[in-house]
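Asker: This is what each chain is made of:
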Amino acid sequence: MTIRFDVAMRGYLDVVRAALGAELAGLGQVVVVRDLRGRLRLVIEKRPLDRTLLDALHQRLSDSVGAFAGGAPLWGEDLLAPAAIFGAVDLCKVDGVAVLERTAMGADWTRPALPNEAPRPPRGTLYGIKGGVGRSLALCVWAHHLAKLGKKVLVVDLDLESPGVSSSLLPVGAGSSFGVVDWLAEDAVSQADDELVRLMVAPSPLADGTSGSILVAPCGSEPGGAGAPESDYLAKLSRAYIDAPSGDGRVVTFAERLARMLDRLESVHKPEVVLLDSRAGLHDVAAITLTRLSSMSFLFAMGTAQTWAGYRTLFRQWQRQPEVGKRVRERLRIVAAQVPETERDAYLERFELDAYSLFSDTLYEQAGPDRPEAFNFDIESRDAPHYRLPIYWSRALQDWNPLHRTVTDGQLQSALGEFAKEATDLLVKPGGDHESESDSEGI
Amino acid sequence: MNVVPPNFRMAAQRTYRDAAHLEDGNRIANADHLYGLAAECALKAILVGLGVIPPSGPPQNSSWRKHIDSVWGQYSTYVSGHHSSSYLVTSANPFADWAAAHRYEDGALFTPARLRAHSAGALDAGLLLEQAILDGVVA
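In order, the protein sequence lines correspond to chains W and U. Following my numbering, the numbering of the first sequence begins with 1 at its first residue and continues without gaps. Following my numbering, the numbering of the second sequence begins with 1 at its first residue and continues without gaps.
Just so you know, these hints were derived from the structure itself, not from any lab. Just so it is clear, the structure is predicted and the values come from calculations on it, not from any experiment. Positions of the beta carbon are idealized from the N, C-alpha and C atoms, including for glycine. Take every hint as true, because none was put in to throw you off.
Have a look at the derived ranges for each label pair, beta carbon to beta carbon: (1) U:Leu88 x W:Ser246: 21 to 29 Å; (2) U:Pro5 x W:Ser238: 30 to 38 Å; (3) W:Asp50 x U:Thr90: 27 to 35 Å; (4) U:Asn7 x W:Glu330: 43 to 51 Å; (5) W:Asp63 x U:Asn30: 35 to 43 Å; (6) U:Trp64 x W:Ser381: 52 to 60 Å; (7) U:His21 x W:Phe5: 41 to 49 Å; (8) U:Leu109 x W:Asp50: 28 to 36 Å; (9) U:Gly107 x W:Asp95: 52 to 60 Å; (10) U:Asp24 x W:Arg198: 54 to 62 Å; (11) W:Leu53 x U:Thr90: 24 to 32 Å; (12) W:Leu282 x U:Gly107: 56 to 64 Å.
Isolated chain W, as found in the complex (with noise of 0.2 Å):
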């Protein structure tokens, strides 16, 4: 029988996992790498004296994982990089086996989370498993409430692949000179100055008539704008993702250049809050967003069993990750985006529900009364991260064009005005200035 990708992983692991005690003992750290191409192999600190048991361990895990077999053992004295093995960051323990995946994209769902140069704003993502959920238009309402709070907001459009956020917020002819993929083009040859991110930023008139105000980094320029008339988009955004040398020469990932651009756009333009648009799906720069750069994340979902089998799939790898998941859950918080407008309590009653069972299945730990630290909540408890913050669907919001103003205050405050408020009382500590004026408010 032909041995599936995931079968072959589980079957080398249970094999690995009772020759630890027995043939791979005190022959010191001991990882199971699995390439890009998926294939198995073992990396052993030490050499034994006596190859003849390891050989035939070789044997019974290379029977076990069929085409994904990758190679005899390798030993930690033939190695030509022994800390890109044994001291990989990737390096982490599944079912007490120590792993490290080498892959092509997806590596920072499990990194640590990155250094930020201190002090910096609170950064709040705005994230969905799947688009089309509302998400840019509750950012532009969160934005602007937050700048009627006097607050200097900063958003950062991350959606590279299709950009919508800073369309929204900037009228034609008032984009930007620059944007995200030309930092990231900049960057790439050590040259993404105070300049540029200067001329990355362009305020948006939705903030026009508040005491705060709206500063928006688009993906890129504006298409024939003023700045870069000339500007090529796709030969750019191709080019963005890339891993970069530094100056030193090092490699620098593109999770470390999109958080140096945040750090320069945060030290150059000063805002006190920062909220950014990260791409949907599965994709790396979410990747980057939710675990390593944000303070709080925003995860759109509506109640439909698609959405919640993305989640799953994506808290599942946290799960099997414990010191990831442990630092990423408290900063996570559901939002219950497009809540129809007939039967909302039995739709929420619902949603609610499933947003539990997906916490409690996977990243909410089994309390009692012997462990008083699990991290557990009640459904109905209203600080839990499964706990939704909610947005009104209603037909007048499909209309909606933040800068013609094309839906009342009212509309806006019945649709989102809820969310608006508790997602500033999540991102922005409360006991600021402005905090307790935001109840009497329109959005």
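Using the hints, position chain U against chain W.
Answerer: For chain U alone, kept in the frame of chain W given last:
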């Protein structure tokens, strides 16, 4: 003694040219040896470009002094990251029967068939290096 930082890219290209020159002159034994060194340097240059091996500094650590018979087989355990899939080598190690110490052997070991296999392996590694240079991964 001043230790010059390695330049695996230059070493790979130079050594490959010299190996081909020796092969043209039917100097099979030393051609075979140099093809092994050329492939080793090509793969090490790519690993420097991908950030696995530090770019500067002397190779004081003995772990750097691995030759192609070992480097080819372990190379794929290091390669990862965006676009890295362009730089994979074949799983079968064409240099499994190559050893640096063979340069001390008498000539009986060095057959034309063996040389062809090593020359093809060195060419594969050299083409990967060229690709990495053109892609801007290797400086």
